[in-house]
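Trainee: Between the sequences and the hints, there should be enough to build the whole structure, so can you do that?
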Amino acid sequence: MNGPTRKGERTPGKGHGSVTTYLAGLGFAIVLTLASFWAAGTSAVWGPAVPILLAALAIGQMGVHVVFFFHISSGPGDANNFLALVFGIFVVGLVVFGSILIMANLDANMVPMDKLMKMQR
Amino acid sequence: MSLADHLTAPVEDDEDRTPYSERGPAPIDVVAGFGFWLFLLSDIVMFSALFAAYAVLADHTAGGPDGVKLFNRGYVLIETMCLLFSSFTCGMCSLAIERRSAPATYLWAAVTFALGAAFLGLELSEFSRMIAEDAGPTRSAFLSAFFTLVGTHGLHVTLGLLWFVSMMAQVATLGFRPIVVRRLLCLTLFWHALDIVWIGVFTIVYLGARW
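Chain order of the listed sequences is A and B.
Position one of the first sequence corresponds to residue -12 (the numbering used here), numbered consecutively onward.
Position one of the second sequence corresponds to residue 385 (the numbering used here), numbered consecutively onward.
Hints may contain errors.
Unchecked claim - Okay, the calculated bits of chain B under chain A, using three or more residues with CB under 8 Å as the criterion:
no., stretch
1, 435 to 443
2, 578 to 586
Stated by the list, open to error - Chain A is nowhere near these chain B residues, computed Cβ spacing over 12 Å in every case:
no., residue
3, 465
4, 487
5, 510
6, 540
7, 563
None of these hints come from the bench; they were simulated from the model.
Even for Gly, the Cβ is constructed at its ideal location relative to N, Cα and C.
Mentor: In structure tokens:
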């Protein structure tokens, strides 16, 4: 028995980093950042695919930061931290994509401005 | 090893097998870290609303300048690198805190502060240039959304810098007592979270990712 402290529960960002993991995180992040800036200005990638590539690179880099800087994992001691993260991602997804979907739908169904002016006369 | 053996084999990890009801309260380090992690996630949810507003309004320039005309990618790459390296030096700072080494903590905190201040200076000079070019937040819906999103991030960086100053004063006067170490942990998490938000900012705002 451990007395009053629990074994195996972890705090984000604490006690699991080393110079090596931070250097690895920095290296991955620099490569992904440079790749993003390259992808935004290149003609080597088919135009319409560029936003998807940028989104993939950004999500990848966020993952690198979570793993190498926050030290969040899906391991046993991290269950609370990981579940909170998953819920956060869920809400962010709802807010961002929900807003864009609803506003695009409203925009598409709105009476064009010139017609609206005529109707008001 | 058959599937049945595999399923019944003991799991080898360091997880506590005591029932939750018998484990007693979690140590305060875990509670504080988890609580601050929840705060950071809720902060990111707030940013997501600003991102959504920007995404909806980005094309509504009201005849004013658009992002392609206003943003300089080389400049943004320098800002991004400042913040990214500051995240790394912040990690070095948390390793120094774990060793309870005050000189190393001051050194890495100072480097982090300098990089954060450089980022903020670059951002403020970009804002003042845009406002001087009649592209301020009142010019169009696009620019209102831009200044709100990027300005809120800049405000967070400013608060982080003030927090760094405050924490270094606490290390100097109080030393590495448990409450100071917990606050330092929260500060380093806050700083890493700022960098994660910035990834979204440079991808969506400056590199103009659209769907």
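Trainee: Sort out which numbered hints this structure fails and list those numbers smallest first.
Mentor: Those not satisfied come down to hint 3.
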